[in-house]
Structures are given as C-alpha cells and as structure tokens.
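**Student:** Spelled out, the chains give:
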Amino acid sequence: DTGVSQDPRHKITKRGQNVTFRCDPISEHNRLYWYRQTLGQGPEFLTYFQNEAQLEKSRLLSDRFSAERPKGSFSTLEIQRTEQGDSAMYLCASSSGGREETQYFGPGTRLLVL
Amino acid sequence: AQSVAQPEDQVNVAEGNPLTVKCTYSVSGNPYLFWYVQYPNRGLQFLLKYITGDNLVKGSYGFEAEFNKSQTSFHLKKPSALVSDSALYFCAVRGGFKTIFGAGTRLFVKA
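So the sequences go chain by chain: A and B. Going by our numbering, the first residue of the first sequence is number 1, and it counts up by one from there. Going by our numbering, the first residue of the second sequence is number 115, and it counts up by one from there.
None of these hints come from the bench; they were simulated from the model. Treat the hints with care, as some may be off.
[To be verified] Cross-link-like lysine to any residue pairs, in silico, SDA-like; alpha carbons within 25 Å at most:
#1 B:Lys163 x A:Arg99
#2 A:Lys57 x B:Pro145
#3 B:Lys224 x B:Asp168
[As the list claims (entries may be wrong)] Some chain A residues close to chain B (C-beta under 10 Å, calculated; not the full set):
#4 Met89
#5 Ala93
#6 Gln103
Just so you know, even glycine gets a beta-carbon here, dropped at the ideal spot from N, CA and C.
Given only the sequences and the hints, what does the whole structure look like? Please build it.
**Tutor:** This is how it looks when you write it as structure tokens:
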C-alpha cells in the first residue's frame, strides 16, 4: 500500500491527558501537512513540513500542540493537557510539492476528549 | 487572503440525473482549485484539480469541473449521478503552500 497511513484511527482520552498521533506519508513525498476537521466543517490547516523542517504553523496550533518530522519521513502530532474542544478528526496529507502539487490524505485519527 | 464558499449545505438529486455542486473562490494571483470527496469516517479523496489550461477539467469517477474566471467559480458536475456518489464534497483553493477548504456540500443521490 502506497497511501498515507495514520495511527491510531480512533482515540478516546480523558481531559488533561496527553495524546500522540502518527502519520506515515507516501514514501517519495517531501511535504507533509496536518489538518483538523470538526463536524460540519472542512479541514483547517494546522502545520506544514518540507522534509524535516516545520515551515508554517497556524494560529490554531496552541502551545499545547507540537508536531515533529524528525527524519523527513513520518510525523507525529502531540497534544498536551487535552481539552474537550480538541475533539476532532486530525488529518494528515502529503505531497511531492511543485506548482501542480496534489495533497493526498490519510484516513484520519478521530479524537474524543471526555 | 484566499477563501472558498460552498453555498449549498446539501444537494439532492435523483439517480441518473445530472448533478452540480457549487463552489466560488477568492484568491490573489492564479487560482489552484481542487475538489475532494469524503465518505463517512474516511479521509479526503482527491477528485480533480485546475491549475491552468482548459476550463473544463475531468477527474475521477466521471466527475468534471468547470473553471469560470469571470464568475470566480469552480462547480463540480457529473452527467449522470449514482447512488454511490452520495458523500461529502469539498472545494479547496491553494495559495502558496496553504490550502483552504470550503465547509463542504453533502450530496444525496436517491434511487
């Protein structure tokens, strides 16, 4: 399978706990994106990596959120001290860059904070 | 700043009839436009994109989209709808590295 994969697919946690999500992009893609999608809305941009460099972060990404892509391959998104408002679908996408780039999305991780 | 509007929350169409899902955009510079489809509890699947060239873009599963620069629109179309087309459709515009998505339009195709 050469698609984008995400793990876990579902996560239920209690408020105040930390959670970490993983994204494995398409192997030859050097760009990786994280989005958050809440019910009834389109995906909202969170952050973007070019290889291992995090080049942009949205204002949506509070200090409790951190993302890494240590070797320019897989990426992790960590949320510390989760709040109920963090409940959402977290989507990862990857692309090969360039003017005609197309982002390909993973299946997402659905987070529920109780 | 770029933005995307999908004016219809929901579109209902009978199987076999043509369908249109509307999208208008605002972007400085050349627009790079995309349509994605999302099935329940799944990520987004790429359907088609407009970068440059012909205003009519053909994509996956028989879908096509018409780019209209004067009306700043990029409507998604299909000549004959299938029940299996029922899903959530997102229009998106890219400016630089950032892609902005619309709120989505839910398509119901009735048998």
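**Student:** Does the CB of A:Met89 sit less than 10 Å away from some CB of chain B?
**Tutor:** This hint holds: A:Met89 lies near chain B, its Cβ roughly 9 Å from the closest one there, short of 10 Å.
**Student:** Holds or violated: are the alpha carbons of A:Lys57 and B:Pro145 at most 25 Å from each other?
**Tutor:** holds, 22 Å
**Student:** Holds or violated: A:Gln103 as interface residue toward chain B, Cβ cutoff 10 Å?
**Tutor:** At about 6 Å, which falls below the 10 Å cut-off, the nearest Cβ of chain B leaves the hint on A:Gln103 intact, so it holds.
**Student:** Hold the hint about A:Ala93 up to the distance rule: shortest CB distance to chain B must be less than 10 Å.
**Tutor:** holds, 8 Å
**Student:** Within a Cα-Cα threshold of 25 Å, do B:Lys224 and B:Asp168 meet the stated pairing?
**Tutor:** Since the Cα atoms of B:Lys224 and B:Asp168 sit roughly 32 Å apart, the hinted pair is violated (cutoff 25 Å).
**Student:** With the threshold set at 25 Å, check whether the alpha-carbon distance from B:Lys163 to A:Arg99 stays at or below it.
**Tutor:** holds, 12 Å
Violated hint for the displayed structure: number 3, the only one.
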